[in-house]
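Position chains B and C relative to chain A; hints supplied.
Those sequence lines, one after another, are chains A, B and C.
Just so you know, my numbering puts 150 at position 95 of the first sequence, and the rest follows in order with no gaps.
Just so you know, my numbering puts 181 at position 100 of the second sequence, and the rest follows in order with no gaps.
Just so you know, my numbering puts 170 at position 74 of the third sequence, and the rest follows in order with no gaps.
Bear in mind the hints are in silico, worked out from the structure with no lab data behind them.
A few of these clues could be false.
List of simulated lysine-lysine pairs, DSBU-like, C-alpha gap at most 35 Å [what the hints assert, rightly or not]:
#, chain 1, residue 1, chain 2, residue 2
1, A, K223, B, K126
2, C, K296, A, K162
3, A, K162, C, K275
4, C, K320, A, K219
5, C, K320, A, K197
6, C, K320, A, K156
7, C, K320, B, K126
8, B, K283, B, K216
9, A, K219, B, K126
10, C, K320, A, K174
11, A, K223, C, K320
12, A, K162, C, K320
13, C, K278, A, K162
Note that this is a predicted model, so its numbers are computed, not measured.
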Amino acid sequence: MASMSSSINIATRWNGGVFKALAKRFFANESFFINEFTAANDGELVLTQTFPGDIECFELTGNTMYLQPGAFLACEPGISLGLGWAGIASYVGREGLFRLKVSGTGKVWFGGYGGIFEKEVEADYVVDTGHLIAYDPTIGIKMGLAGGLFSSFFSGEGLVTRVKGPGKIYLQSRSLDGLAAWTNSHL
Amino acid sequence: MTSTLNFELSNRPDFGTLTVQLEQGQQIFAETSAMASMDANVSLKSGLKGGIGQSLMRGIAGDSMIVNTFTAENGEGEVVLAPGPPGDMLHYQLTGNNLMLQRGAFVAHSDHVEISGKWEGAKGFFSGQGLVLLKASGTGDVFFNSYGAIIEVEVNNDYIVDTGYIVAFEDTLTYKVSVLPGLSLRGKIKSLFFGGEGLVCKFQGQGKVWIQTRNVNPFLNWINLFRPTNDSK
Amino acid sequence: MQHEIIARSAASAAQIQLADGETVTCEIGSMIAMSSDINVETTSFERGSKKPGMLKSIKRMFVGESWFLNHFTAIQADQTLLIGPQQLGDIICHPLRTTALIVQGGSWLASTDGIEIDATFQGLGNALFSGEGIFWIKCTGSGDLFLNSFGAIYEVEVDGEYTVDTGHIVAYEETLEFKVGKSNASVIGSLLGGEGLVCKFTGSGKLYCQSHNPQSFGRALGPKLNPR
Numbered sequence: 056m057a058s059m060s061s062s063i064n065i066a067t068r069w070n071g072g073v074f075k076a077l078a079k080r081f082f083a084n085e086s087f088f089i090n091e092f093t094a095a096n097d098g099e100l101v102l103t104q105t106f107p108g109d110i111e112c113f114e115l116t117g118n119t120m121y122l123q124p125g126a127f128l129a130c131e132p133g134i135s136l137g138l139g140w141a142g143i144a145s146y147v148g149r150e151g152l153f154r155l156k157v158s159g160t161g162k163v164w165f166g167g168y169g170g171i172f173e174k175e176v177e178a179d180y181v182v183d184t185g186h187l188i189a190y191d192p193t194i195g196i197k198m199g200l201a202g203g204l205f206s207s208f209f210s211g212e213g214l215v216t217r218v219k220g221p222g223k224i225y226l227q228s229r230s231l232d233g234l235a236a237w238t239n240s241h242l
Numbered sequence: 082m083t084s085t086l087n088f089e090l091s092n093r094p095d096f097g098t099l100t101v102q103l104e105q106g107q108q109i110f111a112e113t114s115a116m117a118s119m120d121a122n123v124s125l126k127s128g129l130k131g132g133i134g135q136s137l138m139r140g141i142a143g144d145s146m147i148v149n150t151f152t153a154e155n156g157e158g159e160v161v162l163a164p165g166p167p168g169d170m171l172h173y174q175l176t177g178n179n180l181m182l183q184r185g186a187f188v189a190h191s192d193h194v195e196i197s198g199k200w201e202g203a204k205g206f207f208s209g210q211g212l213v214l215l216k217a218s219g220t221g222d223v224f225f226n227s228y229g230a231i232i233e234v235e236v237n238n239d240y241i242v243d244t245g246y247i248v249a250f251e252d253t254l255t256y257k258v259s260v261l262p263g264l265s266l267r268g269k270i271k272s273l274f275f276g277g278e279g280l281v282c283k284f285q286g287q288g289k290v291w292i293q294t295r296n297v298n299p300f301l302n303w304i305n306l307f308r309p310t311n312d313s314k
Numbered sequence: 097m098q099h100e101i102i103a104r105s106a107a108s109a110a111q112i113q114l115a116d117g118e119t120v121t122c123e124i125g126s127m128i129a130m131s132s133d134i135n136v137e138t139t140s141f142e143r144g145s146k147k148p149g150m151l152k153s154i155k156r157m158f159v160g161e162s163w164f165l166n167h168f169t170a171i172q173a174d175q176t177l178l179i180g181p182q183q184l185g186d187i188i189c190h191p192l193r194t195t196a197l198i199v200q201g202g203s204w205l206a207s208t209d210g211i212e213i214d215a216t217f218q219g220l221g222n223a224l225f226s227g228e229g230i231f232w233i234k235c236t237g238s239g240d241l242f243l244n245s246f247g248a249i250y251e252v253e254v255d256g257e258y259t260v261d262t263g264h265i266v267a268y269e270e271t272l273e274f275k276v277g278k279s280n281a282s283v284i285g286s287l288l289g290g291e292g293l294v295c296k297f298t299g300s301g302k303l304y305c306q307s308h309n310p311q312s313f314g315r316a317l318g319p320k321l322n323p324r
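So here's chain A without its partners, still in its complex pose (with noise of 0.2 Å):
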């Protein structure tokens, strides 16, 4: 929350349940421990997230969405947040073992690091990992190496990750690795 208007209340509560909420705090590195803005009156409230870069929102209808670690910003009440089993390949990527499953009926906003930009995916498609923040449950998710062995590591971009459709995902234009390894060349 950056700033709100005064007739805006804040209670916080534990996401889904004790344990669920803890796994959640762990593997996801999504604090477990959700805001819930109330207004008692009409009031206004800024939501910003941690890194600079667009913020977005998808309308669901009943269907389902998968969102990386740390790209949730805020949700209606009638959306329901859950863990789902993003995999080993996924851990191995860098982005932990979980993924952030929503669902239901409602707005949810995501936000990246960077523009984000949507692709509808028809076959195969390579995303550096970092860069893929959002997907269609109907995507598959494989790791990779980007190059040949030799290529893959001198190229500087390691394991990829082989998205196979049809569905949309949503990338966002910068990464935190990407920015961390700038970052640290010049230190």
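Relative to chain A, chains B and C alone:
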């Protein structure tokens, strides 16, 4: 002379990103780690472009020696390139002339372009960051990035730029690096680790210079406090 | 003096046009580029001293090191100066007239000659932020005041009450009253919900906020970097 590459620059000026649609067999050469995403039929090969000699020269200028070659095989292929820092990205068309790039600004180039770090008259080496340049020459496309937004300036006589903000300039300009005492922080601030020398570059002549609106040194000094300490691990 | 904010909005810069003899005072390290007929002088102030400078009766106090200022004076007509802050973000020019503006120290970029700066000001209780290098300055007088933000700047015309997370305050007019407290009624909620201290402004006046919090950003990126 127009580019042979089918490209688009998006998210400017804050998170400049390059999307290239390669024709079958067409190639683009990029700095390490620049790939954000690509079609599965684009091959990625890392190597020392231009042979060992060229790469060694480039290595002296501070950029990594390895260049990634992306080739679209069995059909067209898309490559999306995004650098590490938040900032802008621009395209420059070389027409047999030279473009000087500050260290770290190079993103990618097309075929028929050579990048080197050493040439006759290479100068401007000062202690600290100073001005460490790469030269792009040939006929083709060069893409360069910045930390912060890029502003293009047409120099007609004299123009002075703090060296931490120089991204690229045409070689029709002459340049001279010196210390502007009023800007120097050396000896004044104890906690200054990066930058602060007060180095400026005076450009003269006719040509374009591209400057960025942020300097990496203050960022490094500020983020330094948030780094883990060796004993905390 | 003419000015234009360009290259918005995550890495904005201020293009300033100076007439012969005109001076603008900037935070040191903010010069990006300039035409060649400009003189640069530096003044600095030690903690607790009251040395007069090029701006009238400046009082300085800051956390830690000396605060250095560059004074750029054109010695010919039509000189241009391009300045930018250290952090990523936007720049706004606030025309200072009769109401004083309290500015977060790191958000002050530059000001023209008619503006006085008092850095001994104890707004919002300096003790609360002393570990984070944050200090507040009070700007009075008449002229152009350039503010920078981390992220985007948004203006709020407060008329009644408005609450801001303390890391998101850029500047506020002196006519506003404020109270600093926790965001949640419950202490546990406040700590675990991730929300820090908030400042509740009451009254009538202008408030400038920034969309991002530098401390949060630093704490998120820091652990990924090489240790020192």
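Quiz item: Going straight from one Cα to the other, do C/K320 and A/K174 come out at no more than 35 Å?
Solution: 29 Å, holds
Quiz item: Given the proposed pairing of C/K296 with A/K162, does the C-alpha separation stay at or below 35 Å?
Solution: The given pair, whose Cα atoms are some 29 Å apart, holds under the 35 Å limit.
Quiz item: Does the alpha-carbon distance linking A/K162 and C/K275 stay inside the 35 Å limit?
Solution: Holds, at about 34 Å.
Quiz item: CA of A/K223 to CA of B/K126, is that 35 Å or under?
Solution: 28 Å, holds
Quiz item: Taken at face value, is the distance from the CA of B/K126 to the CA of A/K219 at most 35 Å?
Solution: 22 Å, holds
Quiz item: Given the hinted pair A/K162 and C/K320, is their alpha-carbon gap at most 35 Å?
Solution: 32 Å, holds
Practice problem: Would you check the hint for A/K223 and C/K320, treating anything up to 35 Å between C-alpha atoms as holding? | Solution: Given pair A/K223, C/K320 holds - Cα atoms ~30 Å apart, limit 35 Å.
Quiz item: Do the alpha carbons of C/K320 and A/K156 lie within 35 Å of each other, as the hint requires?
Solution: Measuring from Cα to Cα gives roughly 26 Å; hence the hint holds.
Exercise. Mind checking the alpha carbons of B/K283 and B/K216 for me, to see if they're no more than 35 Å apart?
Key: Holds, at roughly 19 Å.
Exercise. Given the hint that C/K320 pairs with B/K126, test it: the Cα-Cα distance must not exceed 35 Å.
Key: 28 Å, holds
Quiz item: Are the Cα positions of C/K320 and A/K219 separated by 35 Å at most?
Solution: Holds, at roughly 30 Å.
Quiz item: C/K278 and A/K162: Cα distance at most 35 Å?
Solution: 28 Å, holds
Hint compliance for this structure: every hint is met.
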